[in-house]
Amino acid sequence: MRRMPRITQRCTRTAVAVAALALLATGCGGTSSGGSGEDKGMALAYDIGGEGDQSFNDAAYAGLEQARKEFGYEGTAVEPKDGESDADKVQRLKQLAKQGYDPVVGIGFIYANATKEAAEAYPDTTFGIVDDSTVKAKNVAALVFNEEQGSYLAGVAAAKATKSKTVGFVGGVDVPLIHKFEAGFAQGVKDTDPKVKVITQYLTETAEEGGFSSPDKGKAAAEAQIENGADVIYQAAGLSGQGVIEAAAKEKKWAIGVDSDQYKQKALSAYKAYILTSATKDVGGAVFSLAESVEDGKPLSGEQRFSLKEGGVGVTESNPEFGKVPGLKEAVAKAKEDIIAGKIKVATTP
Amino acid sequence: MKKFDKERVLLAVAGPAIALVVAVLLTSGVLLASGKSPFEPYAIMLEQVGFADIQVLIVNAAAGYYIAALAVAIGFRMNLFNIGVEGQYRLAAMVTAVVGAKVALPAAVQLPLLILVAALTGAFWAGIAGVLKVTRGVSEVVATIMLNSIATAVIGYFTLPSLFGVQQGNNKTTGEMHESGWFPSIDLGAAGELYGFVFVAVALGIAYWVVLNRTRFGFDLRATGASESAAAASGVNAKRMVLTAMLLSGAIAGLAGLPTLLNDTHTYSLSFPSSLGFTAIGIALLGRGSPVGIAFAALLWAFLDKASAELDYRGYDTEIAVIMQGLIVIAVVVSYEAVGRWGLRRQQQRVGKELAAGHVLGASGKGTSGPSGPSDNGNQKEVAGR
Chain A
1 MRRMPRITQR CTRTAVAVAA LALLATGCGG TSSGGSGEDK GMALAYDIGG EGDQSFNDAA
61 YAGLEQARKE FGYEGTAVEP KDGESDADKV QRLKQLAKQG YDPVVGIGFI YANATKEAAE
121 AYPDTTFGIV DDSTVKAKNV AALVFNEEQG SYLAGVAAAK ATKSKTVGFV GGVDVPLIHK
181 FEAGFAQGVK DTDPKVKVIT QYLTETAEEG GFSSPDKGKA AAEAQIENGA DVIYQAAGLS
241 GQGVIEAAAK EKKWAIGVDS DQYKQKALSA YKAYILTSAT KDVGGAVFSL AESVEDGKPL
301 SGEQRFSLKE GGVGVTESNP EFGKVPGLKE AVAKAKEDII AGKIKVATTP
Chain B
1 MKKFDKERVL LAVAGPAIAL VVAVLLTSGV LLASGKSPFE PYAIMLEQVG FADIQVLIVN
61 AAAGYYIAAL AVAIGFRMNL FNIGVEGQYR LAAMVTAVVG AKVALPAAVQ LPLLILVAAL
121 TGAFWAGIAG VLKVTRGVSE VVATIMLNSI ATAVIGYFTL PSLFGVQQGN NKTTGEMHES
181 GWFPSIDLGA AGELYGFVFV AVALGIAYWV VLNRTRFGFD LRATGASESA AAASGVNAKR
241 MVLTAMLLSG AIAGLAGLPT LLNDTHTYSL SFPSSLGFTA IGIALLGRGS PVGIAFAALL
301 WAFLDKASAE LDYRGYDTEI AVIMQGLIVI AVVVSYEAVG RWGLRRQQQR VGKELAAGHV
361 LGASGKGTSG PSGPSDNGNQ KEVAGR
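If you read the protein sequences in the order shown, they are chains A and B. FYI, the numbering for the first sequence is 1 to 350, going by full-length UniProt numbering. FYI, the numbering for the second sequence is 1 to 386, going by full-length UniProt numbering.
It cannot be assumed that every hint is accurate.
[What the hints assert, rightly or not] Below, computed lysine-lysine pairings styled on DSBU-like, alpha-carbon distance capped at 35 Å:
1. Lys81/A x Lys6/B
2. Lys250/A x Lys219/A
3. Lys239/B x Lys136/A
4. Lys329/A x Lys165/A
5. Lys36/B x Lys98/A
6. Lys324/A x Lys250/A
7. Lys266/A x Lys36/B
8. Lys116/A x Lys239/B
9. Lys102/B x Lys40/A
10. Lys102/B x Lys138/A
11. Lys40/A x Lys309/A
12. Lys266/A x Lys69/A
13. Lys69/A x Lys36/B
14. Lys136/A x Lys219/A
15. Lys266/A x Lys252/A
16. Lys334/A x Lys272/A
17. Lys266/A x Lys81/A
18. Lys102/B x Lys81/A
19. Lys329/A x Lys219/A
Read the hints as simulated data drawn from the structure, not as lab findings. In this text, all values refer to a predicted model and were calculated from it rather than measured experimentally.
All chains should be modelled from the sequences, with the hints used to inform the complete structure.
Structure below.
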């Protein structure tokens, strides 16, 4: 294959390849445009994990379902690929806009750059992005939450419920977004009872390693924390959080849910007695309000902050045990008032 | 001699061709089993290739695939399995992004500097596995897998805000690189931007071919890969070759993230593409270690990636492309083995026939190769086929 007479032939082949490339470079053919023009309703572009993560993406999907019911359109939701680049995300958002979906919502800050680029290319479409407020454009609505406020209340509840004076925090991936949950929780605990110790554990360094999608990792982390004396564990770990709740329930310790009211989730019904409360983050409501604004012809634009005041974040009281822990309910209500009144400032970094 | 070449071309093309056909058939089977049209997805995907913007996306993505696959292929030539391309390219991209953000020189100096930094970082990371193999006999497979994990941790550490990290919203980045370090792109208007790094990838392919096939180093490398003891007997320092091959493989791997970094994102962040290094193993296998073959394989992979996005909107699942990629890799391994054996049998039969016909061995070799002619050819083929 590699002997002298073949050189010329090989060179020709290489030349052909280069020529083919050059041909491509000139861009033969049109672009894959051809918008349908019709309004197809809201489209969601999921973050890693996609549908069925019982957490972040599913919360967004609830918003889409509500929009379907109220506005009578089908809408769509598209999953990402593993390890994809920004170029893939741009392609996805542009394709959705092209097909006539409006609004197009990127679920997760990972879509920030892609949203910026797609919004420039489709100025008549409203874009939404969850968990990011760095994109500044007229047709972009940034849906951001004060996760630290809900987590602060979870911290207050944990400090009131603990008997061992040790509580745990399990974060899915060691990223700034999850640091907000940790910071709020730790502050809530300390402000309520300075003697309570907080053990913190992050499952993985990157999302690709499965920090948000490995219940087994969550379980192992929770077991270790219980061994070290923790009797209330708060998790912000997506699907991995199920492992935390399972481990806590087995040892008859408290777990605190996240994002949606996990006490009411079917997948967790076996352990629900041990889910003290959940720090909610109403992604579905935020996504729906964007769809509604587009439907009303007055699309939201710029930063839309969902805090304790608007009910964008908070804690749930669906577990009857929540009201039975002495002083817990009152302390949480007081903290909530103080945060809304601005008397308590919750830190966003630990 | 001429006839023999045809045989080789046939054998070289048969492997991938059979693999592709088998993969397509099996994918159609999967589609049928799920009650969908077994042909329409291909039509939809092929239709996408006609669009200029999709073409640009495919070529851009193929550049990274191609470079990463070359890195894997160099290892293959030497019987080394560098699974660490994944960690090498990500670490190199992160370090390059940091250097690009901290150092601001004119583009003529900045770009070569960044490329050099990427290559050296990749080589360093692969070199650890190389040194371990040469001095302690640690399998490079195990070492590079471990190094992938360690690379992730190292990246996490270096991108801490207290070191080189810059937080942008909720994203962890390394800060934007200075504009002199942005690799020029070709603006094609509505079709998008063609990465300038595509041409670097092509140049690397040519360099790969020249070094492996037209230099003494390349010959030593292939010889060591074919038989370490035989190479040692002819005066090749096998250990040095292992280390050099590992360093070279790592250096190329280090460049694999640059099309994305220097042409597109200009920062290393949480959204930097991952798993390129694993994808590259399949591409290198499909391309049979030949620079032209790998180019086709990389384009095919990028085509499956980019053209499949449309499937979501036509009632099919994008995952069809992923299934197909997986099937291609399996089919490739099986079909190469089968084709290799079939080729060997044909060769044996031919030699047998020639012997039976009373030919004196080597008479057809124009008197230069002597009695050992045919087996010599066999050896060379073995070396070349790796």
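Checklist entry - Of the numbered hints stated previously, which ones are contradicted by the structure, given in increasing order? => result Hints 1, 3, 8, 9, 14 contradicted; others consistent.
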